[in-house]
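Spelled out from the first residue to the last, the chains are:
2 protein chains.
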Amino acid sequence: MPDRRNINIPRIEIVGITALPEIENGAELGLMIVMAAIGQDTSLEDGDILVVTQKVISKAEGRIVDLRTVTPSERGLKLSIETERDPRLVELILRESKSLIKIDSERGIIIAETHHGFICANAGIDQSNVAGEHMVSLLPKDPDGSARRIREEVAQVLGVRVAVIISDTFGRAWREGQVNFAIGVSGIDPILDYRGSLDKQGSVLKTTSIAIADELVAAGEMVMGKAEGIPVALIRGYRYQPSAGGVAYLLRDPASDLFR
Amino acid sequence: MPDRRNINIPRIEIVGITALPEIENGAELGLMIVMAAIGQDTSLEDGDILVVTQKVISKAEGRIVDLRTVTPSERGLKLSIETERDPRLVELILRESKSLIKIDSERGIIIAETHHGFICANAGIDQSNVAGEHMVSLLPKDPDGSARRIREEVAQVLGVRVAVIISDTFGRAWREGQVNFAIGVSGIDPILDYRGSLDKQGSVLKTTSIAIADELVAAGEMVMGKAEGIPVALIRGYRYQPSAGGVAYLLRDPASDLFR
Chain A
20 MPDRRNINIP RIEIVGITAL PEIENGAELG LMIVMAAIGQ DTSLEDGDIL VVTQKVISKA
80 EGRIVDLRTV TPSERGLKLS IETERDPRLV ELILRESKSL IKIDSERGII IAETHHGFIC
140 ANAGIDQSNV AGEHMVSLLP KDPDGSARRI REEVAQVLGV RVAVIISDTF GRAWREGQVN
200 FAIGVSGIDP ILDYRGSLDK QGSVLKTTSI AIADELVAAG EMVMGKAEGI PVALIRGYRY
260 QPSAGGVAYL LRDPASDLFR
Chain B
20 MPDRRNINIP RIEIVGITAL PEIENGAELG LMIVMAAIGQ DTSLEDGDIL VVTQKVISKA
80 EGRIVDLRTV TPSERGLKLS IETERDPRLV ELILRESKSL IKIDSERGII IAETHHGFIC
140 ANAGIDQSNV AGEHMVSLLP KDPDGSARRI REEVAQVLGV RVAVIISDTF GRAWREGQVN
200 FAIGVSGIDP ILDYRGSLDK QGSVLKTTSI AIADELVAAG EMVMGKAEGI PVALIRGYRY
260 QPSAGGVAYL LRDPASDLFR
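Those protein sequences? They're chains A and B, same order as listed. Counting from 20, one number per residue, gives the positions in the first sequence under the working numbering. Counting from 20, one number per residue, gives the positions in the second sequence under the working numbering.
If we strip away everything but chain A, and leave its shape as in the complex, we get (with noise of 0.2 Å):
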């Protein structure tokens, strides 16, 4: 689109870093995304946001299970029959657990939450894009970390300070659909404060607070998809304030939540 002079019209863009090879074990992600931008002749600018999806964090992390290896506890073997799940992974769920939030027998849903906090079904364990069919893929143990690691590695490279914000795909309540969720966040801050902030008409805003991690990492979807396996979206021309990051600002305390 034209006018690009005119810098009061807010525009983003948003590139999908496609030519990643298959993430094995150790890999070093930041170096790997800056070579992949590279290829595709896009060079990383400060203050650029990358969207990097987890299934690719578990593998550079070896956060990849072999079902056969797992031997399911009694409490396991006992949710498996009550949801007709696979015992294994079952069991893997439970450990990957704090706590089950919801279990809906008769469809075989878990929704539970995670050791980082996160309220999703199977504790975020997966199946898809994982090579063999015995192997699933499960959340990254620290992902603050892993975001913080890659935006280490991108500056050390490149001298370039990006954000980067880590996103797995959840379903919601009261919607259909499932949309990307950030679940590890560095570089910025994942919530966006408008208390005390005045509307176009002088009012104080009611809205306090916008998780703007969240929105950006549902950005990112339009360009990675689930089918293609794109694993990273890069997003410029949003404007925020560098700020070490952290999910945990995302997650709502217990005791103030209405909905468990």
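It is possible that part of the hints are untrue.
The list treats identical chains as interchangeable, and a pair is accepted whether it falls inside one copy or across any two copies.
[As the list claims (entries may be wrong)] Taking lysine to any residue pairs in the SDA-like style, the calculated list, with each CA pair at most 20 Å apart, reads:
| no. | residue 1 | residue 2 |
| --- | --- | --- |
| 1 | 121 | 278 |
| 2 | 117 | 279 |
| 3 | 121 | 276 |
| 4 | 97 | 132 |
| 5 | 121 | 192 |
| 6 | 121 | 275 |
| 7 | 160 | 44 |
| 8 | 121 | 272 |
| 9 | 121 | 277 |
I should point out that these hints are in silico values taken from the structure, not numbers from a laboratory.
Place chain B on chain A using the hints.
Frame of chain A; chain B shown alone:
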């Protein structure tokens, strides 16, 4: 970013449409959006997606209410005392609701299900960005219709087929911060159905459906902001299957909803 020739690299642009005048009851929004876009050297194209914030729709459709004209019912009075909220506002919340989902008397929070089926605080009634301290905006009566009318106006004026999604900002269960949700959809399928698709490894994807309309309006937030009052985002470059739309596809059947 360079390399615009490579069509295999997905690339999206999001632009804020900034130059809309203050919206009055009866405004022809589609026409006004076309004019505002032209005013910033952007002409709409086939396949563009317009994200339009609820507030301007409500203004154009006369869904602004002066609280001083509202007489609370007995039920409204009772709930207003329980929650320590303005009885006239509480009365409007009740009128706009099909059911009340949760009430937190201590914090004065009312989560309601609107007649459309949206679950949100205060049935979507809001005082920000509305002129006058007694004035509040209600959600549009038929947001799919609102979206369709804008789409038709754009087609009439420019001969161009766009999709239109009406957006509002709601809180979520379990997570802090609000995000944009689609409340009206025309010209695009709000759900992206991956059932039966294969992943990169050739396995059938377990993730069945993505609420792409919700992700598109979330992406719009980057150029709209809350305080700036930019009411329209133009998303270009996202390929989708044109369809009638309809927000009902995004609403989970209460019978299969685990969280109410």
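We went through each hint and held it up to the structure:
1. 121 <-> 278: Intra 11 Å, inter 9 Å, cutoff 20 Å: intra and inter.
2. 117 <-> 279: Answer is within; shortest intra-copy Cα gap is 14 Å, inter-copy 22 Å.
3. 121 <-> 276: Answer is both: 15 Å inside a copy and 11 Å across each meet the 20 Å cutoff.
4. 97 <-> 132: Close inside one copy (19 Å), not across copies (37 Å); limit 20 Å.
5. 121 <-> 192: both (11 Å within a copy, 14 Å between copies)
6. 121 <-> 275: Intra 18 Å, inter 13 Å, cutoff 20 Å: intra and inter.
7. 160 <-> 44: within (14 Å within a copy, 53 Å between copies)
8. 121 <-> 272: both (18 Å within a copy, 17 Å between copies)
9. 121 <-> 277: both (15 Å within a copy, 7 Å between copies)
No hint from the list above goes unmet by this structure.
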